[in-house]
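Colleague: This is what each chain is made of:
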Amino acid sequence: MAEILPLREAVAALVHDGDSVALEGFTHLIPNAAGHELIRQGRKNLTLVRMTPDLVFDQLIGMGCARKLVFSWGGNPGVGSLHRFRDAVEHGWPGPLELEEHSHAGMAAAYAAGAANLPFGMLRGYNGTDLPAHTRVGRVTCPFTGEELTAVPALRPDVGIVHAQQADAHGNVQLWGISGVQKETVLASARSLVTVEEVVDELELRPGAVVLPGWAIDAVSVVPGGAHPSYALGYYDRDNAFYVAWDEISRDRERFAEWMRQHVLETAGVVA
Amino acid sequence: MSAAYTADEMMAVAASRRLADGMTCFVGIGLPSTAANLARRTHAPGCVLVYESGTIGAKPEHLPLSIGDGELAETADSVVSVPEIFGYWLQAGRIDVGFLGAAQIDRFGNLNSTVIGDYDSPRVRLPGAGGAPEIAASCGQTFVMLRQSPRTFVSQLDFRSTVGFGDGPGAREAAGFSGAGVTAVVTDLGVLEPDSETCELTLVTLHPGVSADEARQATGWELRVADGVETGDPPTDEELEVLRSLKTIEEDVKA
Numbered sequence: 428m429a430e431i432l433p434l435r436e437a438v439a440a441l442v443h444d445g446d447s448v449a450l451e452g453f454t455h456l457i458p459n460a461a462g463h464e465l466i467r468q469g470r471k472n473l474t475l476v477r478m479t480p481d482l483v484f485d486q487l488i489g490m491g492c493a494r495k496l497v498f499s500w501g502g503n504p505g506v507g508s509l510h511r512f513r514d515a516v517e518h519g520w521p522g523p524l525e526l527e528e529h530s531h532a533g534m535a536a537a538y539a540a541g542a543a544n545l546p547f548g549m550l551r552g553y554n555g556t557d558l559p560a561h562t563r564v565g566r567v568t569c570p571f572t573g574e575e576l577t578a579v580p581a582l583r584p585d586v587g588i589v590h591a592q593q594a595d596a597h598g599n600v601q602l603w604g605i606s607g608v609q610k611e612t613v614l615a616s617a618r619s620l621v622t623v624e625e626v627v628d629e630l631e632l633r634p635g636a637v638v639l640p641g642w643a644i645d646a647v648s649v650v651p652g653g654a655h656p657s658y659a660l661g662y663y664d665r666d667n668a669f670y671v672a673w674d675e676i677s678r679d680r681e682r683f684a685e686w687m688r689q690h691v692l693e694t695a696g697v698v699a
Numbered sequence: 079m080s081a082a083y084t085a086d087e088m089m090a091v092a093a094s095r096r097l098a099d100g101m102t103c104f105v106g107i108g109l110p111s112t113a114a115n116l117a118r119r120t121h122a123p124g125c126v127l128v129y130e131s132g133t134i135g136a137k138p139e140h141l142p143l144s145i146g147d148g149e150l151a152e153t154a155d156s157v158v159s160v161p162e163i164f165g166y167w168l169q170a171g172r173i174d175v176g177f178l179g180a181a182q183i184d185r186f187g188n189l190n191s192t193v194i195g196d197y198d199s200p201r202v203r204l205p206g207a208g209g210a211p212e213i214a215a216s217c218g219q220t221f222v223m224l225r226q227s228p229r230t231f232v233s234q235l236d237f238r239s240t241v242g243f244g245d246g247p248g249a250r251e252a253a254g255f256s257g258a259g260v261t262a263v264v265t266d267l268g269v270l271e272p273d274s275e276t277c278e279l280t281l282v283t284l285h286p287g288v289s290a291d292e293a294r295q296a297t298g299w300e301l302r303v304a305d306g307v308e309t310g311d312p313p314t315d316e317e318l319e320v321l322r323s324l325k326t327i328e329e330d331v332k333a
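As they're listed, the protein sequences go chains A and B. For the first sequence, position 44 matches number 471 in the numbering used here, and the numbering has no gaps at all. For the second sequence, position 47 matches number 125 in the numbering used here, and the numbering has no gaps at all.
Same shape as in the complex, but just chain A (with noise of 0.2 angstroms):
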């Protein structure tokens, strides 16, 4: 049953140093204040792991919290490059930053058959590229066609991290619009935390909706805005100036530094 806990407290219990973190979010439900709250705990040595990672995962890189990147695009979607992994992985700057890259299929495969307990999933991909000399891939055969596949780990995060937009009392939760890969990334991983925009009395289910049961969750914070600048259907915008903004306060180590100290090292978990 996941216990209802102040985000600060669900992020100390249940993520270590030298974790893998999944922090999860399509473009949409992005948990940004979850990723704040790691920086502003000092978590270190992390492997991070998302599809898409974005500007919390360029501040997570940029503060130091990760040891290696697991993902298959990272930049500011329809903005251009995020500069502090680019510092990482060119510059090795604030230092070195182990990567693990896959295609967008091959990690969604990864989720799915982690969600599932199997150790891989398939697909019909990577042949021909660079890709498979500097990742970790494999080839299996059909066992009834003789055809062979591409074969990509289970991912297998030690922690996952989603946002939704509302729980119950009981830590049932649901969100709807983009789903992405939230439900994999919850069950996939040994330990889960969902951030949610509020807590109703009674989840009112919506046709589509992605519901998770309480039981598949460790623990749920209530986060208003958790999502920020990435947005939750039905609460907020996607705050797309910012992301804009980001391209300029990231190029520069010192200004980069001085916006975290001042949005996310002091402040008590407002979201900036």
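FYI, nobody ran anything at the bench for these hints, they're computed from the structure. None of these values were measured; they are calculated from a predicted model. Positions of the beta carbon are idealized from the N, C-alpha and C atoms, including for glycine. Any given hint could turn out to be false.
A few chain A positions that, by computed beta-carbon distances, are all more than 10 angstroms from chain B [claimed, not checked]:
(1) 445
(2) 513
(3) 565
(4) 575
(5) 611
(6) 618
(7) 649
In silico contact screen, one side only, chain A against chain B (beta carbon under 7 angstroms); selected entries [said to hold, decoys possible]:
(8) 501
(9) 505
(10) 517
(11) 532
(12) 535
(13) 556
(14) 559
(15) 597
(16) 601
(17) 604
(18) 606
(19) 608
Short derived list, chain A residues pointing at chain B, Cβ under 10 angstroms [to be verified]:
(20) 515
(21) 563
(22) 607
Position chain B relative to chain A; hints supplied.
Modeller: Quick look at chain B alone, frame taken from chain A:
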């Protein structure tokens, strides 16, 4: 005679004209999304836009800044999870046309979106493969949109993120890819198509006011030019008007 237009506008128009009504298109952000939305508002109203965020049949009023903008979900026929969009829809072969960009392309339409320089100590770390490898593998056809210069049209990729025609004829079949591969590369100078026998990208259309020599000089290998290479039509007034109404909204959002 059309009004003045930019190279980006010509690219969007040239790509949009290749989309037929009723086609299903897997689109990313930027010029591909602009081209597909232009087609949907002009000659191909039944064009189905599929974004990798899982929005199938999105009908945005505004051009999105990200592939997951709320408007895509709110206007879609169906919204599915990421494992489903890549598994059941893309890799199962249900998409007619996939659009891709890249940092580099080679003569066989292979793409680099991973690094410039050496992988382990890159000069420029690019975002990575994202959805591109399986889009190029599985869509019926793939359109690439990329400005043409010796830096982008290279004889040797720094990293092969995505397979167009691999090392030439037969490579796609050997890799088990279902789609036809890169069937058009739309640049700011013209359009390239693969040769039916050698798979090598060949200049088949020039945009108005561009010469074949300019295209050759903007290519990092000895560019093949089709016999009877044609000059395409400039954007019509209607195309420009619709395109600019889309653009204006995009710029409003960015401002």
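Colleague: Any hints this thing doesn't respect? Which numbers, in order?
Modeller: Per hint list: 2, 4, 5, 14, 15, 16, 21 violated.
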